[in-house]
Amino acid sequence: ESHSCFIKFILQVLSFSSVSDVHSHFETLTSTINSPSASYILKLANRLYGEKTFSFLPEYLNSTLKLYHAELQAVDFIGASDESRQLINKWVEEQTENKIKDLLQPGVVNGLTRLVLVNAIYFKGNWMHVFEARNTKEMPFKINQNESRPVEMMYREETFPFRYIPEYKLQVLELPYEQEELSMLILLPNETQDGSDPLLKLESELTLDRLLDWTRKDKMATWMDIRVHLPKFKLEVESSLSEVLQKMGMSSVFQETKADLTGMSSQDGLSISAVIHKAFVEVNEEGTEAAAATAGFIFLCARSSESFTADHPFLFFIRHNPTNSIIFLGRFRGPS
279 ESHSCFIKFI LQVLSFSSVS DVHSHFETLT STINSPSASY ILKLANRLYG
329 EKTFSFLPEY LNSTLKLYHA ELQAVDFIGA SDESRQLINK WVEEQTENKI
379 KDLLQPGVVN GLTRLVLVNA IYFKGNWMHV FEARNTKEMP FKINQNESRP
429 VEMMYREETF PFRYIPEYKL QVLELPYEQE ELSMLILLPN ETQDGSDPLL
479 KLESELTLDR LLDWTRKDKM ATWMDIRVHL PKFKLEVESS LSEVLQKMGM
529 SSVFQETKAD LTGMSSQDGL SISAVIHKAF VEVNEEGTEA AAATAGFIFL
579 CARSSESFTA DHPFLFFIRH NPTNSIIFLG RFRGPS
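According to our numbering, the sequence shown is numbered sequentially starting from 279.
Just so you know, the hints here were simulated from the structure itself, not pulled from any lab data. A hint or two may mislead.
Calculated lysine-lysine pairs in the BS3-like style (CA-CA distance at most 25 angstroms, straight line) [to be verified]:
#, residue 1, residue 2
1, Lys402, Lys415
2, Lys497, Lys447
3, Lys379, Lys402
4, Lys510, Lys321
5, Lys512, Lys321
6, Lys330, Lys344
7, Lys512, Lys368
8, Lys510, Lys402
9, Lys415, Lys512
10, Lys379, Lys479
11, Lys368, Lys330
12, Lys495, Lys402
13, Lys497, Lys479
14, Lys402, Lys512
15, Lys402, Lys321
16, Lys447, Lys402
17, Lys536, Lys525
18, Lys495, Lys447
19, Lys368, Lys402
20, Lys479, Lys525
21, Lys368, Lys379
22, Lys344, Lys321
23, Lys512, Lys420
Work out the full structure: start from the sequences and follow the hints.
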(Lines of atoms letter the chains of each structure in order from A; the text may use other names.)
(Lines give C-alpha, C1' and ligand atoms only; values in the text may rest on other atoms or scores of the structure.)
Protein backbone atom coordinates (compact mmCIF):
# COMPACT_ATOMS: atom_id res chain seq x y z
CA GLU A 279 0.00 0.00 0.00
CA SER A 280 2.71 2.47 1.00
CA HIS A 281 4.72 1.48 -2.10
CA SER A 282 1.78 2.29 -4.41
CA CYS A 283 1.11 5.55 -2.52
CA PHE A 284 4.75 6.54 -3.03
CA ILE A 285 4.43 5.91 -6.79
CA LYS A 286 1.23 7.99 -6.89
CA PHE A 287 2.98 10.82 -5.05
CA ILE A 288 5.86 10.89 -7.55
CA LEU A 289 3.48 10.86 -10.52
CA GLN A 290 1.47 13.74 -9.05
CA VAL A 291 4.61 15.72 -8.26
CA LEU A 292 5.99 15.24 -11.78
CA SER A 293 2.58 15.60 -13.51
CA PHE A 294 2.82 12.24 -15.29
CA SER A 295 -0.14 9.92 -15.79
CA SER A 296 1.70 6.60 -15.39
CA VAL A 297 5.03 5.12 -14.33
CA SER A 298 5.82 4.10 -17.91
CA ASP A 299 5.30 7.75 -18.94
CA VAL A 300 7.98 8.84 -16.48
CA HIS A 301 10.47 6.24 -17.69
CA SER A 302 9.87 6.81 -21.41
CA HIS A 303 10.14 10.60 -21.07
CA PHE A 304 13.44 10.35 -19.20
CA GLU A 305 14.84 7.72 -21.56
CA THR A 306 14.06 9.95 -24.56
CA LEU A 307 15.39 13.02 -22.80
CA THR A 308 18.65 11.37 -21.73
CA SER A 309 19.32 9.91 -25.19
CA THR A 310 18.50 13.18 -26.97
CA ILE A 311 20.47 15.40 -24.61
CA ASN A 312 23.59 13.25 -24.78
CA SER A 313 23.69 13.32 -28.59
CA PRO A 314 26.98 14.93 -29.64
CA SER A 315 26.72 18.45 -31.05
CA ALA A 316 29.42 20.76 -32.37
CA SER A 317 27.73 23.97 -31.21
CA TYR A 318 27.24 23.25 -27.51
CA ILE A 319 28.13 20.82 -24.75
CA LEU A 320 25.19 19.28 -22.89
CA LYS A 321 25.81 16.24 -20.73
CA LEU A 322 23.31 14.43 -18.53
CA ALA A 323 24.84 11.73 -16.34
CA ASN A 324 23.32 9.42 -13.72
CA ARG A 325 24.97 6.92 -11.40
CA LEU A 326 24.06 4.74 -8.42
CA TYR A 327 26.47 4.13 -5.57
CA GLY A 328 25.43 1.14 -3.48
CA GLU A 329 26.86 -0.41 -0.32
CA LYS A 330 28.84 -3.44 -1.55
CA THR A 331 27.30 -5.81 1.05
CA PHE A 332 23.72 -4.75 0.25
CA SER A 333 21.80 -6.50 -2.53
CA PHE A 334 19.68 -4.60 -5.02
CA LEU A 335 17.13 -6.28 -7.27
CA PRO A 336 18.47 -7.11 -10.78
CA GLU A 337 15.22 -5.82 -12.35
CA TYR A 338 15.76 -2.44 -10.68
CA LEU A 339 19.40 -2.22 -11.81
CA ASN A 340 18.49 -3.27 -15.37
CA SER A 341 15.75 -0.62 -15.53
CA THR A 342 17.96 2.19 -14.26
CA LEU A 343 20.66 1.22 -16.76
CA LYS A 344 18.27 0.99 -19.73
CA LEU A 345 16.06 3.99 -18.98
CA TYR A 346 18.41 6.36 -17.16
CA HIS A 347 21.83 5.14 -18.38
CA ALA A 348 22.73 4.80 -14.69
CA GLU A 349 25.21 2.11 -13.68
CA LEU A 350 25.62 0.82 -10.14
CA GLN A 351 29.04 1.22 -8.58
CA ALA A 352 29.63 -0.81 -5.41
CA VAL A 353 31.34 1.15 -2.64
CA ASP A 354 32.23 0.54 1.00
CA PHE A 355 29.92 2.89 2.90
CA ILE A 356 30.20 0.76 6.06
CA GLY A 357 34.00 0.60 6.27
CA ALA A 358 35.11 3.65 4.28
CA SER A 359 32.25 6.15 4.15
CA ASP A 360 34.36 9.28 3.66
CA GLU A 361 36.45 7.70 0.90
CA SER A 362 33.16 6.75 -0.80
CA ARG A 363 31.93 10.34 -0.45
CA GLN A 364 35.11 11.67 -2.06
CA LEU A 365 34.77 9.15 -4.90
CA ILE A 366 31.21 10.36 -5.61
CA ASN A 367 32.29 14.01 -5.49
CA LYS A 368 35.15 13.31 -7.92
CA TRP A 369 32.76 11.72 -10.43
CA VAL A 370 30.34 14.68 -10.21
CA GLU A 371 33.26 17.10 -10.67
CA GLU A 372 34.39 15.24 -13.81
CA GLN A 373 30.88 15.16 -15.29
CA THR A 374 30.39 18.92 -14.78
CA GLU A 375 33.80 20.06 -16.06
CA ASN A 376 34.94 20.90 -12.49
CA LYS A 377 32.07 23.36 -11.94
CA ILE A 378 30.29 21.36 -9.21
CA LYS A 379 32.72 20.62 -6.40
CA ASP A 380 32.01 18.92 -3.06
CA LEU A 381 28.40 17.97 -3.79
CA LEU A 382 28.41 15.79 -0.67
CA GLN A 383 29.79 17.54 2.40
CA PRO A 384 31.61 15.63 5.18
CA GLY A 385 29.14 13.74 7.36
CA VAL A 386 26.38 13.45 4.74
CA VAL A 387 27.51 9.90 3.94
CA ASN A 388 28.14 7.55 6.86
CA GLY A 389 28.28 3.87 7.81
CA LEU A 390 24.48 3.60 7.64
CA THR A 391 24.28 4.83 4.03
CA ARG A 392 23.18 2.09 1.64
CA LEU A 393 22.50 3.87 -1.65
CA VAL A 394 23.33 7.25 -3.20
CA LEU A 395 21.63 8.24 -6.45
CA VAL A 396 23.48 10.97 -8.31
CA ASN A 397 22.30 13.06 -11.24
CA ALA A 398 24.62 15.59 -12.89
CA ILE A 399 24.00 17.87 -15.83
CA TYR A 400 26.41 20.28 -17.53
CA PHE A 401 25.74 22.81 -20.26
CA LYS A 402 27.96 25.24 -22.13
CA GLY A 403 26.56 27.07 -25.13
CA ASN A 404 27.24 30.14 -27.26
CA TRP A 405 24.56 32.67 -28.14
CA MET A 406 23.27 32.65 -31.68
CA HIS A 407 23.59 36.46 -31.46
CA VAL A 408 26.54 37.28 -29.20
CA PHE A 409 26.61 40.41 -27.05
CA GLU A 410 29.53 42.62 -28.06
CA ALA A 411 31.83 43.08 -25.05
CA ARG A 412 32.45 46.73 -26.00
CA ASN A 413 28.73 47.43 -25.38
CA THR A 414 28.85 46.09 -21.82
CA LYS A 415 28.58 48.93 -19.30
CA GLU A 416 28.17 49.24 -15.56
CA MET A 417 24.54 50.00 -14.71
CA PRO A 418 22.47 50.00 -11.51
CA PHE A 419 20.38 46.89 -10.83
CA LYS A 420 17.34 47.59 -8.65
CA ILE A 421 17.26 44.95 -5.89
CA ASN A 422 14.04 46.58 -4.62
CA GLN A 423 12.50 50.06 -4.57
CA ASN A 424 15.03 51.31 -2.03
CA GLU A 425 18.26 49.58 -3.02
CA SER A 426 20.38 49.32 -6.19
CA ARG A 427 23.71 47.65 -6.84
CA PRO A 428 26.02 47.96 -9.87
CA VAL A 429 26.13 45.16 -12.46
CA GLU A 430 27.96 44.63 -15.74
CA MET A 431 25.06 45.13 -18.16
CA MET A 432 25.32 43.60 -21.64
CA TYR A 433 23.49 45.11 -24.62
CA ARG A 434 22.27 43.81 -27.98
CA GLU A 435 19.60 44.91 -30.45
CA GLU A 436 18.22 42.01 -32.48
CA THR A 437 14.95 40.46 -33.67
CA PHE A 438 14.62 38.12 -30.69
CA PRO A 439 11.33 36.26 -30.09
CA PHE A 440 9.37 38.49 -27.68
CA ARG A 441 6.00 38.62 -26.01
CA TYR A 442 4.20 40.91 -23.59
CA ILE A 443 1.44 39.41 -21.45
CA PRO A 444 -0.69 42.32 -20.19
CA GLU A 445 -2.78 40.39 -17.66
CA TYR A 446 0.41 39.44 -15.79
CA LYS A 447 2.35 42.63 -16.65
CA LEU A 448 5.12 40.38 -17.92
CA GLN A 449 7.74 40.55 -20.67
CA VAL A 450 8.97 37.25 -22.11
CA LEU A 451 12.19 37.09 -24.14
CA GLU A 452 13.83 34.14 -25.88
CA LEU A 453 17.60 34.20 -26.46
CA PRO A 454 18.51 31.29 -28.74
CA TYR A 455 21.85 29.51 -28.64
CA GLU A 456 23.74 28.46 -31.77
CA GLN A 457 21.72 26.08 -33.98
CA GLU A 458 18.64 26.95 -31.86
CA GLU A 459 18.41 23.56 -30.17
CA LEU A 460 18.56 25.38 -26.85
CA SER A 461 17.25 28.75 -25.70
CA MET A 462 17.33 30.90 -22.61
CA LEU A 463 13.90 32.27 -21.72
CA ILE A 464 13.67 35.31 -19.46
CA LEU A 465 10.49 36.27 -17.62
CA LEU A 466 10.72 39.92 -16.57
CA PRO A 467 7.77 41.28 -14.55
CA ASN A 468 7.03 45.00 -14.62
CA GLU A 469 8.22 46.95 -11.61
CA THR A 470 5.42 47.68 -9.13
CA GLN A 471 4.35 51.12 -7.93
CA ASP A 472 3.37 50.04 -4.41
CA GLY A 473 6.75 48.61 -3.40
CA SER A 474 5.57 44.98 -3.46
CA ASP A 475 7.87 42.29 -4.88
CA PRO A 476 6.82 41.59 -8.51
CA LEU A 477 8.93 38.41 -8.63
CA LEU A 478 7.16 36.90 -5.61
CA LYS A 479 3.81 37.62 -7.25
CA LEU A 480 4.99 36.07 -10.53
CA GLU A 481 6.30 32.95 -8.78
CA SER A 482 3.01 32.50 -6.91
CA GLU A 483 1.13 32.58 -10.24
CA LEU A 484 3.60 30.47 -12.21
CA THR A 485 2.52 26.96 -13.21
CA LEU A 486 4.01 24.60 -15.78
CA ASP A 487 0.99 25.07 -18.07
CA ARG A 488 1.33 28.85 -17.91
CA LEU A 489 5.06 28.71 -18.52
CA LEU A 490 4.58 26.49 -21.59
CA ASP A 491 1.85 28.81 -22.87
CA TRP A 492 3.76 32.04 -22.23
CA THR A 493 6.86 30.74 -24.04
CA ARG A 494 5.16 29.17 -27.07
CA LYS A 495 7.06 30.15 -30.21
CA ASP A 496 3.89 30.61 -32.26
CA LYS A 497 2.61 33.15 -29.73
CA MET A 498 5.76 35.26 -29.74
CA ALA A 499 6.52 38.17 -32.05
CA THR A 500 9.60 37.37 -34.13
CA TRP A 501 9.82 40.44 -36.34
CA MET A 502 10.48 43.26 -33.87
CA ASP A 503 13.88 44.64 -32.99
CA ILE A 504 14.34 44.12 -29.27
CA ARG A 505 16.80 46.34 -27.41
CA VAL A 506 18.07 43.95 -24.76
CA HIS A 507 19.90 44.92 -21.58
CA LEU A 508 20.87 41.79 -19.64
CA PRO A 509 23.30 41.58 -16.71
CA LYS A 510 26.29 39.26 -16.75
CA PHE A 511 25.89 36.93 -13.81
CA LYS A 512 27.24 33.84 -12.12
CA LEU A 513 25.10 31.85 -9.69
CA GLU A 514 26.09 29.00 -7.40
CA VAL A 515 23.37 27.48 -5.23
CA GLU A 516 23.33 24.52 -2.88
CA SER A 517 20.17 23.24 -1.21
CA SER A 518 18.66 20.17 0.39
CA LEU A 519 15.54 19.01 -1.44
CA SER A 520 14.45 16.58 1.29
CA GLU A 521 12.23 19.14 3.04
CA VAL A 522 10.75 20.33 -0.25
CA LEU A 523 9.90 16.78 -1.36
CA GLN A 524 8.33 15.98 2.01
CA LYS A 525 6.13 19.08 1.75
CA MET A 526 5.07 17.85 -1.70
CA GLY A 527 3.82 14.62 -0.14
CA MET A 528 6.85 12.33 -0.33
CA SER A 529 7.40 12.04 3.43
CA SER A 530 7.25 8.29 4.05
CA VAL A 531 10.32 7.44 1.93
CA PHE A 532 12.49 9.47 4.32
CA GLN A 533 11.31 7.44 7.36
CA GLU A 534 13.01 4.10 7.88
CA THR A 535 9.96 2.58 9.60
CA LYS A 536 7.54 3.67 6.85
CA ALA A 537 9.61 3.61 3.65
CA ASP A 538 8.61 0.91 1.19
CA LEU A 539 11.36 0.68 -1.42
CA THR A 540 10.83 -3.02 -2.13
CA GLY A 541 11.02 -2.28 -5.84
CA MET A 542 14.72 -1.56 -5.32
CA SER A 543 15.75 -4.20 -2.80
CA SER A 544 14.24 -7.15 -0.93
CA GLN A 545 16.29 -6.26 2.15
CA ASP A 546 14.70 -4.26 4.97
CA GLY A 547 15.81 -0.87 6.22
CA LEU A 548 16.20 1.01 2.94
CA SER A 549 15.09 4.65 3.11
CA ILE A 550 16.15 7.98 1.60
CA SER A 551 18.31 9.99 4.00
CA ALA A 552 18.99 13.10 1.91
CA VAL A 553 18.43 14.69 -1.49
CA ILE A 554 21.08 17.33 -2.19
CA HIS A 555 21.09 19.68 -5.15
CA LYS A 556 23.86 21.98 -6.29
CA ALA A 557 23.77 24.23 -9.35
CA PHE A 558 26.11 26.56 -11.22
CA VAL A 559 25.10 29.00 -13.97
CA GLU A 560 27.23 31.66 -15.65
CA VAL A 561 25.92 34.06 -18.30
CA ASN A 562 28.26 36.34 -20.27
CA GLU A 563 28.64 37.96 -23.70
CA GLU A 564 29.59 34.72 -25.47
CA GLY A 565 26.87 32.57 -23.95
CA THR A 566 26.09 30.44 -20.93
CA GLU A 567 27.88 27.88 -18.82
CA ALA A 568 25.72 25.90 -16.44
CA ALA A 569 25.88 22.80 -14.31
CA ALA A 570 23.66 21.12 -11.78
CA ALA A 571 23.83 18.01 -9.69
CA THR A 572 21.19 16.33 -7.60
CA ALA A 573 21.66 13.41 -5.32
CA GLY A 574 17.99 12.46 -5.36
CA PHE A 575 -2.99 35.72 -28.16
CA ILE A 576 0.08 38.00 -29.24
CA PHE A 577 0.11 41.48 -27.74
CA LEU A 578 1.59 43.70 -30.42
CA CYS A 579 3.11 47.10 -29.81
CA ALA A 580 2.60 49.87 -32.33
CA ARG A 581 6.36 50.35 -32.47
CA SER A 582 8.58 48.09 -34.55
CA SER A 583 11.07 47.92 -31.69
CA GLU A 584 10.76 47.14 -28.00
CA SER A 585 12.98 47.60 -24.95
CA PHE A 586 13.75 44.68 -22.67
CA THR A 587 15.76 46.03 -19.74
CA ALA A 588 16.51 43.39 -17.12
CA ASP A 589 17.62 45.88 -14.46
CA HIS A 590 15.41 44.37 -11.74
CA PRO A 591 14.76 40.75 -10.57
CA PHE A 592 13.75 38.15 -13.17
CA LEU A 593 13.30 34.43 -13.73
CA PHE A 594 15.31 32.52 -16.34
CA PHE A 595 14.98 29.09 -17.92
CA ILE A 596 17.19 27.10 -20.27
CA ARG A 597 15.02 25.00 -22.57
CA HIS A 598 15.95 22.05 -24.77
CA ASN A 599 13.76 22.93 -27.76
CA PRO A 600 13.41 19.54 -29.52
CA THR A 601 11.89 17.98 -26.38
CA ASN A 602 10.48 21.24 -24.92
CA SER A 603 12.22 20.30 -21.65
CA ILE A 604 13.37 22.80 -19.03
CA ILE A 605 17.01 21.88 -18.29
CA PHE A 606 17.78 24.70 -15.84
CA LEU A 607 15.67 27.29 -14.10
CA GLY A 608 16.49 30.02 -11.65
CA ARG A 609 15.95 33.55 -10.44
CA PHE A 610 18.34 36.49 -10.50
CA ARG A 611 17.80 39.07 -7.76
CA GLY A 612 21.02 40.99 -8.31
CA PRO A 613 24.60 40.70 -7.08
CA SER A 614 25.08 39.65 -3.46
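Hint check:
Pair hint Lys402 plus Lys415 holds up; C-alpha atoms about 24 angstroms apart against a cutoff of 25 angstroms. With a CA separation close to 16 angstroms, the supplied pair Lys497 and Lys447 stays within the 25 angstroms bound. With a C-alpha separation of about 17 angstroms, the suggested pair Lys379 and Lys402 falls inside the 25 angstroms cut-off, and the hint holds. Our distance criterion of 25 angstroms between C-alpha atoms is met by Lys510 and Lys321, whose separation comes to about 23 angstroms.
A threshold of 25 angstroms between alpha carbons decides the hint, and for Lys512 with Lys321 the separation of about 20 angstroms falls inside it, so the pair holds. For the hint linking Lys330 to Lys344, the alpha-carbon distance of about 21 angstroms falls within 25 angstroms, and the restraint holds. Between the alpha carbons of Lys512 and Lys368 the distance comes to roughly 22 angstroms, so the proposed pair stays at or under 25 angstroms and holds. Of the supplied pair hints, the one linking Lys510 and Lys402 holds, its CA atoms being roughly 15 angstroms apart against a limit of 25 angstroms.
The straight-line distance between the Cα atoms of Lys415 and Lys512 is roughly 17 angstroms, inside the 25 angstroms bound, and the hint therefore holds. Between Lys379 and Lys479 the CA atoms are separated by roughly 34 angstroms; this puts the pair beyond 25 angstroms, and the hint is violated. A hinted pair counts as satisfied when its Cα atoms are at most 25 angstroms apart, and Lys368 with Lys330 qualifies at roughly 19 angstroms. Restraint check for Lys495 and Lys402: satisfied, since their Cα atoms lie roughly 23 angstroms apart, inside the 25 angstroms limit.
A threshold of 25 angstroms between alpha carbons decides the hint, and for Lys497 with Lys479 the separation of about 23 angstroms falls inside it, so the pair holds. Our distance criterion of 25 angstroms between C-alpha atoms is met by Lys402 and Lys512, whose separation comes to about 13 angstroms. Restraint check for Lys402 and Lys321: the C-alpha separation of about 9 angstroms stays at or below 25 angstroms, so the hint holds. Distance restraint check for Lys447 and Lys402: the Cα-Cα separation of roughly 31 angstroms exceeds the 25 angstroms cut-off, and the hinted pair is therefore not satisfied.
Only pairs whose Cα atoms come within 25 angstroms are accepted, and Lys536 paired with Lys525 is accepted, the gap being roughly 16 angstroms. Simply put, Lys495 and Lys447 have alpha-carbon atoms about 19 angstroms apart, close enough for the 25 angstroms limit, and the pair holds. Note on Lys368 and Lys402: the hinted pairing holds, with a Cα-Cα distance of about 20 angstroms set against a maximum of 25 angstroms. Between Lys479 and Lys525 the alpha-carbon distance is near 21 angstroms, which keeps this suggested pair within the 25 angstroms criterion.
Simply put, Lys368 and Lys379 have alpha-carbon atoms about 8 angstroms apart, close enough for the 25 angstroms limit, and the pair holds. In summary, the hint linking Lys344 to Lys321 is supported, as the alpha carbons are separated by about 17 angstroms, within the 25 angstroms threshold. Between the alpha carbons of Lys512 and Lys420 the distance comes to roughly 17 angstroms, so the proposed pair stays at or under 25 angstroms and holds.
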